[in-house]
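S.K.: These are the residues of each chain, in order.
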Amino acid sequence: MSNVATLFLARAVVAVLLLALVSASLPGMIAPAQAVSADEQLSDPALEVRARNLMREVRCVVCQAQSIGESDAGIAVDLRHLIRAQVAAGASDDQIRQFLVDRYGDFILFKPPFKAETAVLWIGPFVVLLTGFGLLVWFFRRRRTIAAPAALDPEETRRVARALDDSGIADLERGSST
Amino acid sequence: MRRLIFLVPLLVVVLLAVLFWRGLDPARNPASLNSALIGKSVPAFALAGLTPGAPGLTAADLKGQVTVLNFFASWCAPCRAEHPLLMELARDPNLRVVGITYKDEPAKSAAFLAELGDPFAAIGADETGRVGIDFGLTGVPETYVIDRDGIIRYRLAQPLDSARLEQEIRPLLADLAS
Numbered sequence: 001m002s003n004v005a006t007l008f009l010a011r012a013v014v015a016v017l018l019l020a021l022v023s024a025s026l027p028g029m030i031a032p033a034q035a036v037s038a039d040e041q042l043s044d045p046a047l048e049v050r051a052r053n054l055m056r057e058v059r060c061v062v063c064q065a066q067s068i069g070e071s072d073a074g075i076a077v078d079l080r081h082l083i084r085a086q087v088a089a090g091a092s093d094d095q096i097r098q099f100l101v102d103r104y105g106d107f108i109l110f111k112p113p114f115k116a117e118t119a120v121l122w123i124g125p126f127v128v129l130l131t132g133f134g135l136l137v138w139f140f141r142r143r144r145t146i147a148a149p150a151a152l153d154p155e156e157t158r159r160v161a162r163a164l165d166d167s168g169i170a171d172l173e174r175g176s177s178t
Numbered sequence: 001m002r003r004l005i006f007l008v009p010l011l012v013v014v015l016l017a018v019l020f021w022r023g024l025d026p027a028r029n030p031a032s033l034n035s036a037l038i039g040k041s042v043p044a045f046a047l048a049g050l051t052p053g054a055p056g057l058t059a060a061d062l063k064g065q066v067t068v069l070n071f072f073a074s075w076c077a078p079c080r081a082e083h084p085l086l087m088e089l090a091r092d093p094n095l096r097v098v099g100i101t102y103k104d105e106p107a108k109s110a111a112f113l114a115e116l117g118d119p120f121a122a123i124g125a126d127e128t129g130r131v132g133i134d135f136g137l138t139g140v141p142e143t144y145v146i147d148r149d150g151i152i153r154y155r156l157a158q159p160l161d162s163a164r165l166e167q168e169i170r171p172l173l174a175d176l177a178s
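Sequence lines, in order, name chains R and V.
In this text, residue positions in the first sequence follow the numbering used here: the first is 1, and each later residue adds one.
In this text, residue positions in the second sequence follow the numbering used here: the first is 1, and each later residue adds one.
Across the chosen pairs, the derived CB separations fall in these ranges: (1) R:F140 <-> V:L7: 17 to 25 Å; (2) R:Q66 <-> V:D25: 19 to 27 Å; (3) R:V49 <-> V:A114: 44 to 52 Å; (4) R:V77 <-> V:A44: 21 to 29 Å; (5) R:L47 <-> V:Q167: 42 to 50 Å; (6) V:A17 <-> R:V77: 36 to 44 Å; (7) R:R142 <-> V:N34: 44 to 52 Å; (8) V:V18 <-> R:A119: 17 to 25 Å; (9) V:A107 <-> R:F114: 44 to 52 Å; (10) V:A107 <-> R:P112: 37 to 45 Å; (11) R:L47 <-> V:S41: 27 to 35 Å; (12) V:G53 <-> R:A119: 52 to 60 Å; (13) V:Q167 <-> R:I123: 32 to 40 Å.
A short list of chain V residues far from chain R (calculated; beta carbon distances all over 12 Å): (14) V14; (15) W21; (16) G49; (17) R164; (18) D175.
Honestly, the hints are just simulated from the structure, not real lab data.
Computed from a prediction, not measured in an experiment: that's the story for all the values here.
Just so it is clear, CB atoms sit at the ideal spot from N, CA and C, and this is done for glycine as well.
Kindly generate the complete structure, drawing on both the sequences and the hints.
M.R.: Structure (structure tokens):
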């Protein structure tokens, strides 16, 4: 097989592998996997959707990095039942969130409410971003003033000429030009 | 002044180091976050005892005397490990130790206590785990200190150990009893 054909084959194989990789991860990116485990569901699909959306917002207090919708921990299962029961009983989303916060604190919500204690959490990143941007602007403006040196005054021109004469560089250059 | 700018990266590294050091402090571990119920009254509950005739436990029982409330289960190995410390606490005449069994069959809880000794002045059986949720329970064992007015003053979301017992719990109990 010629070199060109080997190269072509190798490229094709890698391309196909990359495609497979992307397509395998694509569904997960487009539609976040329906990770909510299928315990008994509410008969009303609209209520079930509301309950599931809530489950995604609520942190599992055992595993912490998972929502209760994704977790199989005993407490997560119990809280799923509880949320479904409350949704079915007509509680609003806010009432259910409050119910959980009363018992487990703001920590149980992945998206904590904006208040004095959480202000740093919400505003902090923007402060850091603005500070960084300010530093960047300052840095570039300063660099521009450094990059443009002032023109030589007459005295400096004379000194440069004298130095060139003394060194003989000026003679060399004159000589090379002939 | 211009030279000082070279100290900025060093400063950033030091700041990050301090931040990480603080973040890694066991006291700041989100797993041991303070209960949202600290400073609040115990939630209302009424639980049956382990045997049909036993008195059980209600929220009203937690008033009038400094109380240590322990959530446990016979299926929970760390509960077994901390049990001797509860036995020791129960000998203190200035407080009452009560228990709630969490998602456990009453007969198995009773067998657990028959084997290891029963430190509890009263026991309620939370077979569904619903009362646990009202307490903001994250798992078993958990231990609560409740003052005479029925206000939750302390929560330990892990097994008791003698260091914590002596350094955190006993001083608090002495304080509350005085």
